[in-house]
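Quick note: the sequence shown uses the working numbering, first residue -12, plus one each step.
Source of the hints: derived by calculation from the structure; they are not laboratory data.
Some hints here could point you the wrong way.
Estimated spans, in silico, between C-beta atoms of each pair [what the hints assert, rightly or not]:
#, residue 1, residue 2, range
1, A6, R101, 44 to 50 Å
2, R75, F105, 32 to 38 Å
3, C23, H3, 25 to 31 Å
4, A86, R7, 40 to 46 Å
5, G109, L4, 42 to 48 Å
6, W117, L(-4), 34 to 40 Å
7, G94, A124, 36 to 42 Å
8, G94, L26, 22 to 28 Å
9, A6, G98, 51 to 57 Å
10, L96, P38, 25 to 31 Å
11, I79, L37, 36 to 42 Å
12, P38, P(-10), 42 to 48 Å
13, G82, W121, 16 to 22 Å
Heads up, the beta-carbon is just placed ideally off N, CA and C, and yes, glycines get one too.
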Amino acid sequence: MLPPALLALAWLLLTHLGARMRTGLLWTGAALAALCIELEIRHFWRGNILPVPGTTPPELYSYTVALMIASALFMLGAVRRRSRSLRRVALIAVGLSVAKVCLVDMGSLTGLIRVAAFLGLGLSLVALAWIDRWIIAAWAPEDTPSAPQKDHVQGRKS
């Protein structure tokens, strides 16, 4: 995890670089961090033999949990920085995790467990939609005081 940390540190400290270069450092660090986390999950479930083909269900669920945690961290960062673009990234990550759950993870479930999983997924999506609406409402522009009106008769501000 040292290379992603160094890239994040460079993003913070090298303020003299252009905005595009700093953004590139940040996204490269994020991609490297994602790769490191993926390899750590793989190592946890497979031990030292990483190139074994296929994945086990617990490993798949671990990837889903990691993606959901990343989505939550993106959303927290978006709220903290009031960043609409980071909020969009968080929503894309949520969409990817939902697609992964529906297309990959649910394939191995059957019966009532599958029903309960879809019900839990639906309820969590409703909660996420409510949180997103709350964020949008909280970020709405405040009511600004009206501009001082001119007195048309005298031509002065009142």
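**36 to 42 Å as the expected CB spacing between L37 and I79, which holds or is violated** = violated, 28 Å
**Message:** Just to be sure I understand the hint, the distance between the Cβ atoms of G109 and L4 should be within 42 to 48 Å; is that true here?
**Reply:** holds, 45 Å
**Asked** Regarding R75 and F105, is the given constraint of 32 to 38 Å on their beta-carbon distance met?
**Response** Once the Cβ atoms are compared, 26 Å apart, the range 32 to 38 Å for F105 and R75 is violated.
**Item:** G94 paired with A124, Cβ distance criterion 36 to 42 Å
**Value:** At roughly 37 Å between Cβ atoms, A124 and G94 fall inside 36 to 42 Å, so the hint holds.
**Message:** Please check whether C23 and H3 have a Cβ separation lying inside 25 to 31 Å.
**Reply:** holds, 28 Å
**Prompt:** Can the suggested window of 42 to 48 Å be confirmed for the beta-carbon pair P38 and P(-10)?
**Reply:** violated, 21 Å
**Prompt:** Is it true that A6 and G98 lie within 51 to 57 Å of each other by Cβ?
**Reply:** holds, 53 Å
**Message:** Does the beta carbon distance between G82 and W121 stay inside 16 to 22 Å, or does it fall outside?
**Reply:** Taking Cβ atoms as reference, G82 and W121 lie about 19 Å apart, which means the hint holds.
**Asked** Do G94 and L26 keep their Cβ atoms within the hinted range of 22 to 28 Å?
**Response** Hint holds: Cβ distance 24 Å, inside 22 to 28 Å.
**Message:** If I claimed the Cβ atoms of A6 and R101 lie 44 to 50 Å apart, would that claim hold in this structure?
**Reply:** Hint holds: Cβ distance 47 Å, inside 44 to 50 Å.
**Request:** Given the range 25 to 31 Å, decide if the beta-carbon distance of L96 to P38 lies inside it.
**Result:** This hint holds: roughly 28 Å between Cβ atoms.
**Prompt:** If you check the beta carbons of A86 and R7, does the distance land in 40 to 46 Å?
**Reply:** violated, 30 Å
In this structure, the earlier hints numbered 2, 4, 11, 12 are contradicted, and the remaining ones agree with it.
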